[in-house]
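Chains as they are written, first to last, in my numbering: chain A, 2 to 75; chain B, 72 to 635.
Calculated directly from the structure, the hints in this document are not laboratory data. Treat the hints with care, since some could be wrong.
Here are the simulated lysine-lysine pairs, DSS-like style, with alpha carbons at most 25 Å apart [claimed, not checked]: (1) Lys445/B <-> Lys272/B; (2) Lys219/B <-> Lys283/B; (3) Lys272/B <-> Lys49/A; (4) Lys450/B <-> Lys49/A; (5) Lys445/B <-> Lys409/B.
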Amino acid sequence: MPLQLQPNLAEPGHRYFRDFTPGDDFYEALIDTHRELSDEQSQLLNAKLILLLANQVGDIAVLKEALRIAREGV
Amino acid sequence: MATYTYPTFPYRAPNDLMQGAPQRKPLVIIGAGPVGLAAAIDARLQGLEVLLFDEEDSVSFGSRAVCYAKRALEILDRLGVGDVVVNQGVSWNVGRTFLREEEVYRFNLVPDAGHKRPGMINLQQYHLEEALVNRATELGADLRWNYKVVGVMPLADGARVSVETPDGAFEIEADWLIVADGARSNVRRQLGLDIEGHVFKDRFLIADVVMKADYPAERWFWFDPPFHPNQSVLLHKQSDNVWRIDFQLGWDADPEEEKKPENILPRVKAMLGDDREFTLEWASIYTFQCRRMKNFRHGHLLFAGDAAHQVSPFGARGANSGFQDTDDLLWKLALVIKGLAPEALLDTYDTDRVYAADENIRNSTRSTDFITPKSAVSKLFRNAALELARSQPFARKLVNSGRLSVPAFLVHSALNTSDTEPFEGDMVPGAPLDDAPVRVAGADGWLLDQLGNRFVLLAFADSVEAVDTALPGLRAQAAALAGAALPVQTLLVTAHAGNEPAGLATLHDRDGLLAQRLDARPGTCYLVRPDQHVAARWRSFDVSAVRAALARATAQIGSETVAA
């Protein structure tokens, strides 16, 4: 399965009337998770989050594609 | 002000209202901003006597609210000022977002054709208010300028209002009081009613600039532009060659210093990037809050617009949601005043508009958090999303430079009758009905112009000839529905053109878009509220189901009474 680069966020069972809502729901939850953390703590949280999500994705070819895109322009 | 001459509205001495004071009126409105004026117009359209007090005698100073969204324009159409406002305003649909100098994301508010109104128009608030004053006056609303409300005392069955005028003070009573006196609502403060939320620690500069420019009529938003590093800038076109430029300044900016023209002009010059001539018409430094009152109904006091709720300006959800307040409120209030619905109907103004306010606050807070990140990690994610958005479609959806005002789907409204048969699409009970082109009486028109101010039953058939097979009983019942104390007007919608059958108003769905947007088939019926929201829908016509849904939509029966 290729890396999904189209909008793909949704909460199962939730009905959306606006296409920006699922992305905004996630983004808010992401930023909220960092609330009250120091920069160093936030970095640790982000690292743990990447490892969790990588395991969820599973397919190392897909992960390598994501790593490549993330590295671009940095 | 170079481009606009402020009108002065005539002051009338209060002699007539002082006689036998306190007099009693059915409906008094406080505040002649866009929301109070819309309420006054709507009240007149519903046949209500209305008296409005405003402490000034002109329209709002400065351009202030500028963006009026499609749904607000549809409401203004119903109020009879849509054309005036749209013809004077600048229509636009496309918004572009830039990171530094590069475009990273673009949206189109109304990507599909077949809607009367564009996604948004830009028009200075004073132009809009002047149009609303003219319309309210034409309809016989009693507008009193230089009448300052200095006190409100809630009564069990109304309110007592203390008013000061140049010719002395008086008291007056109202059965119902609509409070639309703005964000700093004196009435709300005087009554000690809570409004809760939070202030954002940022300052913004609005500069209205008059210049000749050939930029397209689009919303342009920059993150970190070279002419204003590390901050955001927003550009909007208004009418009369006036351009709105909105600079983020940061919390540490000194508002008194920033307000000085010698500090504003270099910012504008840097942005324009050339030597074009411009004049500064109006400037303002602002901060903002996102907050709302716990309840919008307090007995016989009904709070609307900024008095009840405030949002950050990113998304144009302030004035637009105020129009939606009055859209929701006035038909309900009219039914209650006329004795056709119980007061409980007004509790749904509270629940449904509080629900909508929360949605507006949520969306504008999210935009603000994206535009002005509150922590290093929040800024890091913001910049990562912007970087990815250059090449990755998924990231463009995350870029939030403002989620522009769209109406709430009131899916939890107690006035909705739940579907009992499957429908595709979004026109669920509680939805603001989509517009569509129709033919009516041999001429091109729009669906929403046929709706509003009363309950309407849209009934679908292939053709006029097929009405009795698609909708058995409809022709026999339509007159009774229309003649009831609480009338429902039936509109037959046909896929094919044909002669109107006797006694049944007919719309021809000329492009098939109406049936498509409503997922309608022959036999499908939609009950539409006076504010153009869906109350109920079925796959066949059943007059008892229509009556039950009507009773539900007017709070005459509870949710447990009607099941199928």
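Results of checking the hints against the structure:
Among the hinted pairs, lysine 445/B with lysine 272/B is consistent with the structure: their alpha-carbon atoms are about 9 Å apart, no more than 25 Å. Restraint check for lysine 219/B and lysine 283/B: the C-alpha separation of about 41 Å exceeds 25 Å, so the hint is violated. Our distance criterion of 25 Å between C-alpha atoms is broken by lysine 272/B and lysine 49/A, whose separation comes to about 31 Å. For the given pair, lysine 450/B sits about 19 Å from lysine 49/A by alpha-carbon distance, which is consistent with the 25 Å threshold.
Between the alpha carbons of lysine 445/B and lysine 409/B the distance comes to roughly 51 Å, so the proposed pair goes past 25 Å and is violated.
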